[in-house]
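Those sequence lines, one after another, are chains A and B.
Residues 1 to 125 (our numbering) make up the first sequence, in order.
Residues 1 to 598 (our numbering) make up the second sequence, in order.
A portion of the hints provided could be inaccurate.
Keeping only pairs whose Cα atoms sit at most 30 Å apart, straight-line, the calculated DSS-like set for lysine-lysine is [to be verified]:
1) B:Lys85 to A:Lys17
2) B:Lys489 to B:Lys468
3) A:Lys17 to A:Lys57
4) A:Lys17 to B:Lys88
5) A:Lys17 to B:Lys71
6) B:Lys31 to A:Lys57
7) B:Lys31 to A:Lys89
To be clear, the hints were calculated from the coordinates, so they are not data collected in a lab.
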Amino acid sequence: MKSLAELEAIRKATLSKINLRTEEKGETTRIVIGMATCGIAAGARPVMLSFVDEVQKRQLNHVTVSQTGCVGMCRLEPMVDVYVPGQEKVTYVHVKPEMVPRIVAEHVVNGRPVQEYTIGAAEDK
Amino acid sequence: MDIYRAHVLVCGGTGCSSSGSAMLIDRFNEKIAENGLDREVKVIRTGCFGLCEAGPVVIVYPDGTFYSRVKVENVDEIVTEHLLKGRKVEHLVYTDHATHEQNANKALEDINFYKHQHRIALRNCGVIDPENIDEYLAMDGYRALEKALTKMTREEVIDEILKSGLRGRGGGGFPTGLKWKFTYNSQADQKYVACNADEGDPGAFMDRSILEGDPHAIIEAMAIAGYAIGASEGYIYVRAEYPIAVKRLNIAIAQAREYGLLGKNIFETGFDFDLFVRLGAGAFVCGEETALMHSIEGGRGEPTTRPPFPAVKGLFGKPTMLNNVETYANVAQIILHGAEWYASMGTEKSKGTKVFALGGKINNTGLVEVPMGTTLRTIIYEVGGGCPNGKKFKAVQTGGPSGGCLPESLLDTPVDYDNLIQAGSMMGSGGMIVMDEDNCMVDIARFYLDFIVDESCGKCTPCRVGTKRMLEILNRIVKGQGKEGDIEKLEELAQTIKSTALCGLGQTAPNPVLSTLHFFRDEYEAHIREKRCPAHHCQALLQYFITDKCRGCTACARVCPAGAITGEVKKQHKIDPEKCLKCGACMEKCRFGAIIKT
Chain A
1 MKSLAELEAI RKATLSKINL RTEEKGETTR IVIGMATCGI AAGARPVMLS
51 FVDEVQKRQL NHVTVSQTGC VGMCRLEPMV DVYVPGQEKV TYVHVKPEMV
101 PRIVAEHVVN GRPVQEYTIG AAEDK
Chain B
1 MDIYRAHVLV CGGTGCSSSG SAMLIDRFNE KIAENGLDRE VKVIRTGCFG
51 LCEAGPVVIV YPDGTFYSRV KVENVDEIVT EHLLKGRKVE HLVYTDHATH
101 EQNANKALED INFYKHQHRI ALRNCGVIDP ENIDEYLAMD GYRALEKALT
151 KMTREEVIDE ILKSGLRGRG GGGFPTGLKW KFTYNSQADQ KYVACNADEG
201 DPGAFMDRSI LEGDPHAIIE AMAIAGYAIG ASEGYIYVRA EYPIAVKRLN
251 IAIAQAREYG LLGKNIFETG FDFDLFVRLG AGAFVCGEET ALMHSIEGGR
301 GEPTTRPPFP AVKGLFGKPT MLNNVETYAN VAQIILHGAE WYASMGTEKS
351 KGTKVFALGG KINNTGLVEV PMGTTLRTII YEVGGGCPNG KKFKAVQTGG
401 PSGGCLPESL LDTPVDYDNL IQAGSMMGSG GMIVMDEDNC MVDIARFYLD
451 FIVDESCGKC TPCRVGTKRM LEILNRIVKG QGKEGDIEKL EELAQTIKST
501 ALCGLGQTAP NPVLSTLHFF RDEYEAHIRE KRCPAHHCQA LLQYFITDKC
551 RGCTACARVC PAGAITGEVK KQHKIDPEKC LKCGACMEKC RFGAIIKT
């Protein structure tokens, strides 16, 4: 038998797993990974898996991780777009799995993009 | 369950299961593993999405791409293209019949079929995995039970249902709250709640879909009802022809027991409640409440007179509250969001939404849920996509064998309980069968009466003998042996049966005949006086002719099983009406459109 608190915990945990089917589109933060041939060849798959792991670890109910095709800047792959509602889209380039926890912690959770990983920073170099 | 980046939802309702969705699931799992995506993509079998016409249906989230008529051989392409490379497989994406638009970049809610819908009873169907209680919990499941048990008195629960204006979705439209109140007021040492899932109307499958897609919603609602009226046990009477529904219901009940949502001392409030499933053998009359309860008790499924009403003396002689599946499916939402929220939808006397099973000559065969007061025209043309092959709409049958056929002139009727009765039909359980110009209304009436004669339990004479006599007359009429006075005799029999039959089924049995007589009397008259079927449907009244378009190719003569066609090569052939079986084989064979039927 489950107590009310336990039921509430199950609700919360499950919601984070099925929210990509139910969440109102406008309130979700979307993490979109470029996964065309160029992205995959540059190592997008482990990056994507790291995002999935990180979202799960932190139980982020309002975040979906999905993939997209090639935007044409294959040399900057793996590329990741993060859409936080109410903020401008931020594009990260040359993303590696080790960079993922920081992007999730600083940008997705706290709303401060990691400037040094963004496309702006890469273009300035 | 872990987090996945994509969910592939495959419909596991009866419609899609029969078109092979189980094989799709296996193939998806196989291919996903093969491509190393099994940590990223999860396949889930859900309940019915409603668009059975386009089945098997597959939806890929988070983008919500809606694939229709997916075959096993398409799975490889969806996995390698969509799931691996993120490119939608355009040629499999659902295309709207009316607009020929693909939904590729549209959200599911924007497809015409879903646009006019408002899903309350079906809210979880096609969204959650019905065999996983956690997913139901995540969709605010069992919150209403918690609220009722811990924050509301029994009287408050009943009052909330009463104020919501919810009426019985099984067809009668009796105010649900009143039923609860009557049973609450009955004094007894034991009371029962029961759920009528013996859905018998031809063409209706709302209850099946709810049980298959969201079984916990029914369990939760019955527990709330048990608390409100003071019952500690409930029975769900479901027909054995619904194996998937029965299976998921049993899984759901076991899960609810495991979580302590059924059983002793629920939420430590001292409230005990448990549920049992009873299978019906598929007799139509067992959908009638007294017959249903006799059947649960193990007796013969035959109705008895009321009063006493079940609220006073029902199951095992105790006060019993019997509601239909769809009625229960609304209960938890009303408790959760309040009576005012529910009453804000619908018409003055019919609140909320209603699920309809669209069938017959309609493009989008399937399940739809629309607010009460939506017009028939919106349901049939906007949601249903109209009649296929550009045929002309003739009538819509609502309410199953107890209802009637409504013609085009009444299409702008806003659908609710009272309007449909006024128009000469009834809400019934929500079957909606569309007929086009090729349907003969006399034959439709004959079909429904044939069903009633088959299903009549035989206890009372008006239903047992009266419907049989009516069927005999109709059989004569469609064979071209109708006589003057037949229509009057039908009407007299119908009125007698209506006023003297024992139970609701008998009393409403003549309705299909009465409503077609009312709106399509000319078709009856054409059959009787001119021996002609205006829809060219009744075989005995058909005549085949070969016109001068005939080139004398002899194809028709060779295909005719009766040797009724004669003629020389390269000359116009002739059909001997005496020998002709009216099978239509010649008409199908003719390449020149030279054969016509009248």
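Verification of the supplied hints:
no.	hint	verdict
1	B:Lys85 to A:Lys17	22 Å, holds
2	B:Lys489 to B:Lys468	13 Å, holds
3	A:Lys17 to A:Lys57	12 Å, holds
4	A:Lys17 to B:Lys88	23 Å, holds
5	A:Lys17 to B:Lys71	28 Å, holds
6	B:Lys31 to A:Lys57	27 Å, holds
7	B:Lys31 to A:Lys89	34 Å, violated
Taken one by one, the earlier hints fail for this structure only at number 7.
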